[in-house]
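Order-wise, the sequence lines are chains A and B. Numbering-wise (full-length UniProt numbering), the first sequence opens with residue 1 and increments by one. Numbering-wise (full-length UniProt numbering), the second sequence opens with residue 1 and increments by one.
Wrong hints could be hidden among the right ones.
As the list claims (entries may be wrong) - For the chain A half of the interface with chain B, some residues (derived, Cβ under 10 angstroms), not all of them:
1) ASP25
2) GLU26
3) HIS38
To be verified - Counterexamples of contact, computed for chain A against chain B with all Cβ distances above 10 angstroms:
4) PHE53
5) PRO120
6) ARG129
7) ALA145
8) ASP156
9) THR160
10) HIS241
11) GLY291
Said to hold, decoys possible - Covered stretches of chain B (chain A as the covering partner; in silico rule of three or more C-beta atoms under 8 angstroms from a C-beta of chain A):
12) 17 to 23
13) 39 to 51
14) 154 to 164
15) 183 to 196
16) 213 to 227
Because the hints were derived from the structure by calculation, they are not lab data. Ideal placement from N, C-alpha and C gives every residue a C-beta, glycine not left out.
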Amino acid sequence: MTSAPRDREIAVVAFAQTDHRRTSDEFSEVEMLMPVLHEVLHATGLKTADIDFTCSGSSDYLAGRAFSFTLALDGVGAWPPISESHVEMDGAWALYEAWTKLLTGDADTALVYAYGKSSPGSVRDVLTRQLDPYYVAPLWPDSVALAALQAQALIDAGDTDEPALAAIASRNRAAATGNPHAQLRGPVPQGDHLVQPLRTGDCPPIGDGAAAVILAAGDRARELCARPAWIRGIDHRIEAHGLGVRDLTDSPSTRLAAERAGAFERPVDTAELHAPFTAQEVVLRKALRLGEDVDVNPSGGALAANPVMAAGLIRIGEAAARIHRGASDRALAHATSGPCLQQNLVAVLEGEPR
Amino acid sequence: MSAVLKAPLVVEFPFTRSLGPVQSAFLTGLRERVILGVRTGDGRTLVPPVEYDPVTAEELHDLVEVAPTGTVTTWAWNAAPRRGQPLTTPFAWVLVRLDGADTALLHALDAPGPAAVHTGMPVRVRWAGERTGAITDITCFEPCDGPRAEPAGHTGEFENPVTGIVAAARLDYTYSPGRAQTAYINALSGRRTVGERCPSCHQVYVPPRGACPTCGVATSEQVEVGPRGTVTTFCIVNIKAAHTANLGIEVPYVYAHIALDGAGLALHGRIGGIPYDEVRMGLRVEPVWTDGARYPDHYRPTGEPDADYDTYKELL
Numbered sequence: 001m002t003s004a005p006r007d008r009e010i011a012v013v014a015f016a017q018t019d020h021r022r023t024s025d026e027f028s029e030v031e032m033l034m035p036v037l038h039e040v041l042h043a044t045g046l047k048t049a050d051i052d053f054t055c056s057g058s059s060d061y062l063a064g065r066a067f068s069f070t071l072a073l074d075g076v077g078a079w080p081p082i083s084e085s086h087v088e089m090d091g092a093w094a095l096y097e098a099w100t101k102l103l104t105g106d107a108d109t110a111l112v113y114a115y116g117k118s119s120p121g122s123v124r125d126v127l128t129r130q131l132d133p134y135y136v137a138p139l140w141p142d143s144v145a146l147a148a149l150q151a152q153a154l155i156d157a158g159d160t161d162e163p164a165l166a167a168i169a170s171r172n173r174a175a176a177t178g179n180p181h182a183q184l185r186g187p188v189p190q191g192d193h194l195v196q197p198l199r200t201g202d203c204p205p206i207g208d209g210a211a212a213v214i215l216a217a218g219d220r221a222r223e224l225c226a227r228p229a230w231i232r233g234i235d236h237r238i239e240a241h242g243l244g245v246r247d248l249t250d251s252p253s254t255r256l257a258a259e260r261a262g263a264f265e266r267p268v269d270t271a272e273l274h275a276p277f278t279a280q281e282v283v284l285r286k287a288l289r290l291g292e293d294v295d296v297n298p299s300g301g302a303l304a305a306n307p308v309m310a311a312g313l314i315r316i317g318e319a320a321a322r323i324h325r326g327a328s329d330r331a332l333a334h335a336t337s338g339p340c341l342q343q344n345l346v347a348v349l350e351g352e353p354r
Numbered sequence: 001m002s003a004v005l006k007a008p009l010v011v012e013f014p015f016t017r018s019l020g021p022v023q024s025a026f027l028t029g030l031r032e033r034v035i036l037g038v039r040t041g042d043g044r045t046l047v048p049p050v051e052y053d054p055v056t057a058e059e060l061h062d063l064v065e066v067a068p069t070g071t072v073t074t075w076a077w078n079a080a081p082r083r084g085q086p087l088t089t090p091f092a093w094v095l096v097r098l099d100g101a102d103t104a105l106l107h108a109l110d111a112p113g114p115a116a117v118h119t120g121m122p123v124r125v126r127w128a129g130e131r132t133g134a135i136t137d138i139t140c141f142e143p144c145d146g147p148r149a150e151p152a153g154h155t156g157e158f159e160n161p162v163t164g165i166v167a168a169a170r171l172d173y174t175y176s177p178g179r180a181q182t183a184y185i186n187a188l189s190g191r192r193t194v195g196e197r198c199p200s201c202h203q204v205y206v207p208p209r210g211a212c213p214t215c216g217v218a219t220s221e222q223v224e225v226g227p228r229g230t231v232t233t234f235c236i237v238n239i240k241a242a243h244t245a246n247l248g249i250e251v252p253y254v255y256a257h258i259a260l261d262g263a264g265l266a267l268h269g270r271i272g273g274i275p276y277d278e279v280r281m282g283l284r285v286e287p288v289w290t291d292g293a294r295y296p297d298h299y300r301p302t303g304e305p306d307a308d309y310d311t312y313k314e315l316l
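The shape of chain A in the complex, shown without the other chains (with noise of 0.2 angstroms):
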């Protein structure tokens, strides 16, 4: 099951997002998030009682807190009991399970959010305790590491080289002087090397921040928004959680979830990749055969802007607001988890003809 049937169709209908920020410690986490819930719920004009379904990503790792999930409940509205469900994730797996929710035909609309807060903590060791307990944990390679070999191995293949990847950083944080939203903007330093090959510039800002989208089935997308952004496809693919397994230079999961997702069948005009690492972007392009007519991540992507477990959302969000407003007609978001790209997410947004 990939491609929704024609019978059934689901749009976003709406998306918010939190200014991202290195801190925000002024703030619990349901503080952080509860805008965004409001702002994407004024959008359509739906009160939290009207809402079907509601489905959220996050972890509680980021900001050491046990159950923080069920405490931002408390901005949702979760009492009397409402429909609802987590995945310890990014918010764009959440959004998969709330598509297949409207699919079934037992919701009509989804309120799907995500949030992190990486400043309580270092997110470079946090993120370890994601890989393999037995062979790797144990070592705490950090996140900037392993994405570090990924990028040596690109190099050494003949792929890019360490000014290709500063142009592909640069590129990011030039498109992100257009987003508000965004904590880096315009000419950063590429810096000095973290772990080398890469530079402090090819990495993304550590911050704190939160997304809402709303999902809506059919005529009910159609009266939430004046142009709703359809999800004509939507699919996720896992590799093998064995680095040394894996070819880091390329994406078979990216590639296979974008044929699934119905991308392939005809050219997108915007792309959003969640590639929190330059070195990422170029293994992404070439695995979802993206040209050069394609606008990739004019909101910065995740360069400009990468609040954990909040960021591939932010890239169906980011895709969807362009269809929203006329700009895309045709958008693919893509959004990721895990280390060098382990898993991956596609989705195909496309407006109806104007």
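Start from chain A and add chain B according to the hints.
Leaving out everything else, chain B in the frame of chain A:
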């Protein structure tokens, strides 16, 4: 708005994990300076070995020894090692394909600098002096100029195999409770209890979390509640907890839900100053503070008549 509170928070746990047969053989092998891979149905040798083929999901158990020498397949220079990493001096992260293996193992390479490392370079294992059956039994890899080692053809059968590992994990945070809970904690330091009222349903939440879970809206209006309250329900505790915070408390004692006057939901607290078997629903209580405490030690009867059931039934 006063500054939010902050405090160090350490999350630490010795994760104890059991091993499957293949993982057990591999980690026991490391203890004995033997490196084992697992053979797949199509003849590839996976190192480190896994119990299921990542391509076919076929169960794997055919162990095969590989050499302690190999080749770097990719690398990254780590100029600033972090806590828990294999070496404390600058080193290269490497994926190494050991001689005889078809996949690569992640570890550290001890080298004088990035100029001394390249993809394709030959390396060998440096064993830890004391080995317990863990991936850290390999201290790191080191450059290898000499001849390649030959595996001895070990079968993977060992005396006293390792059946589990303890993977200690520690993460350090700076905890901040946010605006609403900071106000609550600051008020407690003045022996006052402050909640927040929902602007929509007017319920008063204690402790406040900054949002009304019924209405899904922000709360901000602070309301002082108590200090007196009513026992809404309770239980009698007969087991002495091993937790140090409770060691001074004799059993049996009463643990209760207490609706402070003006609060829209009940807090938890211990009831003292009254025999345990005389505590009842509706009992009127007040907090008892001890010097230097950050919250009431317990609640004791005020001597007032009991509250009518109707006044607290919605708070049960």
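- request: Against the structure, test the hints numbered earlier, and report the numbers of the ones violated in rising order.
  value: Going through the list in order, the structure violates hints 5, 6, 7, 8, 10, 14 and 15 and respects the others.
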